[in-house]
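2 protein chains.
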Amino acid sequence: MTKNQNQLPRVVIVGAGFGGLRAARALADAPVHVTLIDRNNYHLFQPLLYQVATAGLSADEIAYPIRGILRKQKNLTFIMSEVKSLNLKESEIITEQTAIPFDYLILAVGSETNFFNNPDLQQHSYGLKDLQEAQSIRNHILNQFEKATLETDERLRKAMLTFVIAGGGPTGVEMAGAIAELVRVMHKDYPGLDPQHIQVVLLEAMDRLLAHLTTDSSQSTLNALAGKGVQVRLNTLVKSYDGRVIQLSEKQQLPSNTLIWAAGVQAASLVRELSQEKLPQNRIKVLPTLQIPQNERVFLIGDAAYLPDQNGQALPMVAPVAMQQADLAVKNLLRLIQSEPLKPFYYKDMGSMATIGRNQAVAELFGLRLRGWLAWLVWLFVHLMQLVGFRNRLVVLINWAWQYWFYDRAVRLIEKGDCD
Amino acid sequence: MTKNQNQLPRVVIVGAGFGGLRAARALADAPVHVTLIDRNNYHLFQPLLYQVATAGLSADEIAYPIRGILRKQKNLTFIMSEVKSLNLKESEIITEQTAIPFDYLILAVGSETNFFNNPDLQQHSYGLKDLQEAQSIRNHILNQFEKATLETDERLRKAMLTFVIAGGGPTGVEMAGAIAELVRVMHKDYPGLDPQHIQVVLLEAMDRLLAHLTTDSSQSTLNALAGKGVQVRLNTLVKSYDGRVIQLSEKQQLPSNTLIWAAGVQAASLVRELSQEKLPQNRIKVLPTLQIPQNERVFLIGDAAYLPDQNGQALPMVAPVAMQQADLAVKNLLRLIQSEPLKPFYYKDMGSMATIGRNQAVAELFGLRLRGWLAWLVWLFVHLMQLVGFRNRLVVLINWAWQYWFYDRAVRLIEKGDCD
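If you read the sequences in order, they're chains A and B. Note that this note's numbering gives residue 334 to position 308 of the first sequence, counting from 1, and the numbers run on in steps of one. Note that this note's numbering gives residue 241 to position 215 of the second sequence, counting from 1, and the numbers run on in steps of one.
The following block holds chain A by itself, in its conformation from the complex (with noise of 0.2 Å):
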């Protein structure tokens, strides 16, 4: 009694990340047909993306092949394009090439770096959200260090070695962290350059770092970027950036030829057309079920959704809550083809964490509070298991070893060709 796939329910998933990989797992055994559209043809296991920015491993590392992933998966076609928009009237998406027709849609589009409308930020400093970014910021830093050497002025030759990371939220503390890491190993290869020029800044405008934790541990971040040689300056707004002086709000000036934008992130603007109603970070409301509002067959889950929990707050745009709304959208879906009741969700909060560099993590999981050594160990745990694929983990690993023992970074090329 097996159906016709052509006869089976036409599910469209549009987005490869941590949600949409999942959902369409989810629906492997599923009576339905799935597609599954990513404008790249690797899942990026985005929680190690600022490794590839500071040279700590290369892109094939943190990117595994979608078609490897789900090779498998009988019922499942992939679609390497970029959606262009969506037309739920004609329950169709577009593509690039082509209109696809669905009868479900799940939208796991994601979150992009937040300029929030600032053209000169936009343009001049680097968002931390792609392989490409991130392999921009590597070039650009090591870059930096071999243009020092050739400089005679010290102004400049000083704005080149001054590295600005804003936004003191998990990116940008591991961005500091890591920054502060390569440089101190960068310093060993360039010994006719003066370490007092060389600065790791980290700007954040509230009055802690890692505000989604307990002050506690936004206090024992902060001692830890310290110790690495990481200025970190709370309370301190990035007004303008014109690539070579940061405007500061107090009338204050920082000369830098590096910004790293960790300070917004916003529903993909894919989405965002689907409702006027204006939500922090441009995300768009869903209802308990995480059907959209307008259109009981379209489900919406991840960093782009609005959902608030049970005191109010919006969730987290992070990995978990995809992943388990991800499994949510599944069930419901299934349950709305076989007119079932569908179910609201509930996040699990099972904490977060946010690695300072070597031995320097803070976490805080199923009620602990773990710092130093031991959270950096969960961290990497945690991490190294979650990467798809065997070859990736062993790799990483033998990485992160070298690393650890020799205080060296393995992937210090500068690689030209990416149009920067």
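Please note: incorrect hints may appear among the correct ones.
Note that identical chains are pooled: a pair holds if it fits in a single copy or bridges any two copies.
Calculated lysine-lysine pairs in the DSS-like style (CA-CA distance at most 25 Å, straight line) [unchecked claim]:
| hint | residue 1 | residue 2 |
| --- | --- | --- |
| 1 | 311 | 115 |
| 2 | 442 | 155 |
| 3 | 311 | 357 |
| 4 | 155 | 304 |
| 5 | 115 | 100 |
| 6 | 442 | 110 |
| 7 | 100 | 214 |
| 8 | 173 | 100 |
| 9 | 369 | 311 |
| 10 | 110 | 173 |
| 11 | 304 | 184 |
If you're looking for bench data, these hints aren't it; they were derived computationally from the structure.
Assemble chain B onto chain A, guided by the hints.
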């Protein structure tokens, strides 16, 4: 009695390939100051470049930061810069940023792809001389598969899945074998594509492959490639290519979206101004002492140098020649400083080899002719041992082992932003 480094003779080395890097290291304990210049910040292990082009290895596995390699060499300064021209009269080289004076110069500039002044070929086909080209080939090949799944016109789809390599030398043979194996891996990921439509074609203008080896080795190479599904067409010239259709000599056409040009190299353009004499591959004649005729303080080694062997044959453009010449150039340079007589170059030919893929290679070493599995093991061992850095060796070995056992390819990522 140590001299001040400023008073030491200034030796400038252009190029950090096999020759230049070897020369730099050989000068480690000499009473000179060495300035090594390269356009990249890494030494590239060119013999494995085809593996990056076919998704077997990632860039950092065959490229190693020059500053890391030479960190402990106190008499050396590295400059990452593109050399624009040579001013031998003033004893300086002109880079993008500045002029660098020298007392002695070692030119180890290598070779570049020779499109024989055919601008169409140059524009539409891929060379294989640097990391960017290798990554462009990888992205392009993988993209053809993704595009083919969406293409409804059978003729166009077939051209997308026809991969043509021009040139039956070691590079062409290795590329053809590696693409044939990649295609076999890829096919598992694209169940919708007709294997009949996937073609790998190797074009060779002469009547046999690997013309520098014996006819026996040529024949077994041809057989091995045919066994992998490569169509080898001997006595076939490429006249032109517009990116869609390859025009062959005898009015024949071959529709293909991919032409990899491994049919010619020539001396790097930087040194071609040194002589008007037209020699094969636009190489520049050097004296047996490896000095150029015009200037006794300038040594030219490696691919760009034209020097006949005992039989009047020009030495091959391969790494062992460059490295042996580096050793002699350094010795002669030091003799010159001490006003001792210089010695002529004699090439110790260790033989040559080429891999055709999994379990398949040909090697002619020390008078022995090997082929098949044993030649492949020798090839593997020789190349692994030469790779700079323990970490690289280990990671490359894991990648190879993975591919060997699982018939998989590690780096099947389509990276964007490489401007193509």
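Taking 25 Å as the upper bound on the Cα-Cα distance, should residue 369 and residue 311 be classified as within, between, both, or neither? within (17 Å within a copy, 80 Å between copies)
With 25 Å as the alpha-carbon cut-off, assign the pair residue 155 and residue 304 to within, between, both or neither. Only inside one copy: residue 155 and residue 304 sit 23 Å apart there, 52 Å across copies, limit 25 Å.
With identical chains, the pair residue 442 and residue 110 could be close in the same copy or across copies; at 25 Å between alpha carbons, which is it: within, between, both, or neither? between (29 Å within a copy, 18 Å between copies)
Have a look at residue 110 and residue 173 and pick one of within, between, both or neither, based on CA distance no larger than 25 Å. between (40 Å within a copy, 17 Å between copies)
For residue 115 vs residue 100, is the C-alpha pair at or below 25 Å within one copy, between two copies, both, or neither? neither (29 Å within a copy, 70 Å between copies)
Alpha-carbon proximity between residue 100 and residue 214, which holds within one copy, between copies, both or neither at 25 Å: Intra 52 Å, inter 12 Å, cutoff 25 Å: inter-copy only.
Within a copy, between copies, both or neither: which one fits residue 304 and residue 184 at a CA-CA cutoff of 25 Å? neither (42 Å within a copy, 49 Å between copies)
If the cut is 25 Å between Cα atoms, do residue 173 and residue 100 qualify within a copy, between copies, both or neither? between (52 Å within a copy, 21 Å between copies)
Is the C-alpha distance from residue 311 to residue 115 at most 25 Å within one copy, between copies, in both cases, or in neither? within (19 Å within a copy, 73 Å between copies)
Alpha-carbon proximity between residue 442 and residue 155, which holds within one copy, between copies, both or neither at 25 Å: Both, since 20 Å and 14 Å are each at most 25 Å.
Intra- versus inter-subunit Cα pairing at 25 Å for residue 311 with residue 357: within (20 Å within a copy, 74 Å between copies)
Hint check: violations occur at hints 5 and 11; the rest are consistent with the structure.
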